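Protein chains: 2
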Amino acid sequence: MSEIRLARRAAKLSTNFPAPHFPSELGPDVIPFDSGFAAPQLLPDLTEFAHAALNTHRAETLQYSPTHGQPELRGWLAGLMNEDGCALTPDHLLIVNGAKHGLELICKLLLDEGDAIVVTAPTYFTAIPIFRSFGVEFIEIGQDDDGIDIAALEVVLAQRVAQGQALPKLIYNVADFHNPTGATMPIERRKALIDLAERLGIFVVEDTPYRRVRFEGETIASLKALDLTGNVFHLGTFSKLVAPGLRIGWVAADTALIARLIQLKADGGSSPLVQRIIYEFGRSPAFAAHIERVQSVYRERRDRIVAAVRRELPDAVLAVPEGGYYVWLTLPAQVDGDALAADAAARGVNLIPGSKFFASGGDTTTPRNHIRLSYSYATPEQIDEGVRRLAISYRTIAG
Amino acid sequence: MSEIRLARRAAKLSTNFPAPHFPSELGPDVIPFDSGFAAPQLLPDLTEFAHAALNTHRAETLQYSPTHGQPELRGWLAGLMNEDGCALTPDHLLIVNGAKHGLELICKLLLDEGDAIVVTAPTYFTAIPIFRSFGVEFIEIGQDDDGIDIAALEVVLAQRVAQGQALPKLIYNVADFHNPTGATMPIERRKALIDLAERLGIFVVEDTPYRRVRFEGETIASLKALDLTGNVFHLGTFSKLVAPGLRIGWVAADTALIARLIQLKADGGSSPLVQRIIYEFGRSPAFAAHIERVQSVYRERRDRIVAAVRRELPDAVLAVPEGGYYVWLTLPAQVDGDALAADAAARGVNLIPGSKFFASGGDTTTPRNHIRLSYSYATPEQIDEGVRRLAISYRTIAG
Chain A
1 MSEIRLARRA AKLSTNFPAP HFPSELGPDV IPFDSGFAAP QLLPDLTEFA HAALNTHRAE
61 TLQYSPTHGQ PELRGWLAGL MNEDGCALTP DHLLIVNGAK HGLELICKLL LDEGDAIVVT
121 APTYFTAIPI FRSFGVEFIE IGQDDDGIDI AALEVVLAQR VAQGQALPKL IYNVADFHNP
181 TGATMPIERR KALIDLAERL GIFVVEDTPY RRVRFEGETI ASLKALDLTG NVFHLGTFSK
241 LVAPGLRIGW VAADTALIAR LIQLKADGGS SPLVQRIIYE FGRSPAFAAH IERVQSVYRE
301 RRDRIVAAVR RELPDAVLAV PEGGYYVWLT LPAQVDGDAL AADAAARGVN LIPGSKFFAS
361 GGDTTTPRNH IRLSYSYATP EQIDEGVRRL AISYRTIAG
Chain B
400 MSEIRLARRA AKLSTNFPAP HFPSELGPDV IPFDSGFAAP QLLPDLTEFA HAALNTHRAE
460 TLQYSPTHGQ PELRGWLAGL MNEDGCALTP DHLLIVNGAK HGLELICKLL LDEGDAIVVT
520 APTYFTAIPI FRSFGVEFIE IGQDDDGIDI AALEVVLAQR VAQGQALPKL IYNVADFHNP
580 TGATMPIERR KALIDLAERL GIFVVEDTPY RRVRFEGETI ASLKALDLTG NVFHLGTFSK
640 LVAPGLRIGW VAADTALIAR LIQLKADGGS SPLVQRIIYE FGRSPAFAAH IERVQSVYRE
700 RRDRIVAAVR RELPDAVLAV PEGGYYVWLT LPAQVDGDAL AADAAARGVN LIPGSKFFAS
760 GGDTTTPRNH IRLSYSYATP EQIDEGVRRL AISYRTIAG
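Protein chains in written order, with our numbering: chain A, 1 to 399; chain B, 400 to 798.
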């Protein structure tokens, strides 16, 4: 009996999760366009902050810590978000072990098996198996350069109501520098999404890993800043702005919902040592200087990969992202991104085919003529060489 | 609709979870017998290990890391467990964010709503809300000084079979220095438990936070060391041996089950920084010296509290634990531990009444004449003073 149940449960897990390769696993000639790893020269020197954390603050950093997080860190984050247009107190914040952990807690709070949720098509691929493990029904909604197609969403929701189906429990979205498309929602689109969600009583989960990795243009109000009813869960992380290895993120939400998430966070608290290191780094002058370096290094790489794609792959359509880690290439309809990725891998270029970013997961409806290229870890020289090789693959596949 | 679902879900959460007070919340005159916090003077100096982790190993500790954990740490842990009688490879190990996180992953893998599980009565109170959040039916089995009552368990399981009820999915137990009773299972009892579980195909979850916090007597083979069929999940942690704030633990299990747990561990990996600090500390000479200090300090406190209870509370029955953090007092049947805890709190002595350690959760069947005293955080002087005040409460309550 146990084996049957285990098999059923395992079937709920994603089988097509395309884990990026770790840099240490790669040969010297391999070009990693697949990963969202940080550029090594951007990994900050945290030595002095760790020294303070382990000495001055030892009784805090090596003891149990509050489940909801270190109070000073929560206060600092509330301040950062309020400078960014929100109106939060520290009680609106829950510290978690990275944004994925926050997403899992939100799922645990909101979802029952069979519930529907809305995701964009394409969407962040790591979120797909998390949602799938809760047994959800995916409602995939298309996007344009301004993000999720609100009109299409309204139609689908109206159809569900007409057919007596339950509304989705939540809408998951990356409004800033979307992964994988790079699209950023303008303010009008954001307001329309919030308005729709509030009207229908559907929660919005806003994932913001790249929000401060902006290269140009004006910051646009976050969905949380537009949220007047407490309908939005905001996920934040230090992975893309400071370092992936910190494994600390946060959820900002209505205080009553945060209180329920705390009950579900049964991990004995997130690392107080790492929380203190982040807080000491965050309030030091090194933090602003670090953000400037992050923006500068990734802006250069974004420019480099856009130029290389335009030079080497003129058939590819790409919208230039104003921030983030990725460019999303739309190839002619007959080109199979999976085959292209396989051929490129044989030439030492790792990338993730677009089909992996669709919750439909490779069925016949999944578009196959996309690929995602990450420019965060590859050097400018690797970017040139990688796109050159990719163009050889493209000519091989496209014939 | 969302509100109804949320309310139903919230009802699954424990409402009687007695979170211990944080030391920083306590007045100077308050005596903390409630918490399993570490003695402050035992929090190790990890500065040099953090320095190495953040410099020599920066490209590892600040990048994404493998979901299953840092390879050298897993290898070292396999070695530690093999010295302790197991036969494991690193692939039998999964690094998690503390043992509670490991327990939650095991629940997610094995349990469906309505499944039965076996716990001791009493059991580790923090595990109760974790299990409850999965909607389980608790089968509570009594204990004696040698741990869980195997004969009683056999009777209950035979009854379930006779009545056509499903067998429990797992048996959760703390075999070494049980929390809260302090009992340690002798080898024969362990073998009987493993034999029963294997015969019936029920998983065993062995939680071992105190295993190396042994003051005297011979180490007894862990349940994992006795497991020949891969039926045992072993939970380990550094919280009680090194420092609670590290938030790193591990699961040791059959490799096929570990592979499934990795799929469910959607957190982007446990902190590679803390994993590296632990590994560097663990392989340094400081580690063995630290364990000796831990054993020595807590042995002294164990002796102090046992003497104080015998002197001040001669009506209390207690078995002297050979390790761990707690003594469990059985009071005359008419004494209400909840009332005693409330009176003691009014006198500045925090402790957890025994009723909180029963999964039945305060219904009429829950024994009420127990209390648990932790001696890990209170100083020897506080132990004397705390038990003196507790005796005043006892005389007040017992009349």
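Hints are computed from structural coordinates only; laboratory data are not their basis.
Treat the hints with care, as some may be off.
[To be verified] Which residues of chain B face chain A? A partial, calculated answer using Cβ under 8 Å: (1) L445; (2) T455; (3) P528; (4) I529; (5) G644; (6) R646; (7) A665; (8) D666; (9) T729; (10) Q733.
Since this is a predicted model, take the numbers as computed values, not measurements.
Virtual Cβ for every residue (Gly too), placed ideally from N, Cα, C.
Tested hints:
Taking 8 Å as the C-beta contact cut-off toward chain A, the hint placing L445 (chain B) at the interface holds, the least distance being around 5 Å. Here the hint on T455 (chain B) is broken, as its CB sits about 11 Å from the closest CB of chain A, past 8 Å. For P528 (chain B), the suggested interface contact is upheld, since its CB lies about 7 Å from the closest CB of chain A, less than 8 Å. Using the Cβ-Cβ criterion of 8 Å, the hint placing I529 (chain B) at the interface with chain A is satisfied: the shortest such distance is roughly 5 Å.
Residue-level restraint check for G644 (chain B) holds (minimum Cβ-Cβ distance to chain A is 4 Å; threshold 8 Å). Interface hint status for R646 (chain B): upheld, as the beta-carbon distance to the closest one in chain A is roughly 5 Å, under 8 Å. A distance limit of 8 Å between C-beta atoms decides the matter here; for A665 (chain B) the minimum to chain A is near 5 Å, and the interface restraint holds. The beta carbon of D666 (chain B) is positioned within 8 Å of a beta carbon in chain A (closest approach about 5 Å), and the interface hint is therefore held.
Of the supplied interface hints, the one on T729 (chain B) is violated, with its beta-carbon coming no nearer than about 28 Å to a beta-carbon of chain A, more than 8 Å. Interface hint status for Q733 (chain B): violated, as the beta-carbon distance to the closest one in chain A is roughly 34 Å, over 8 Å.
In this structure, the hints that do not hold are numbers 2, 9, 10, in rising order.
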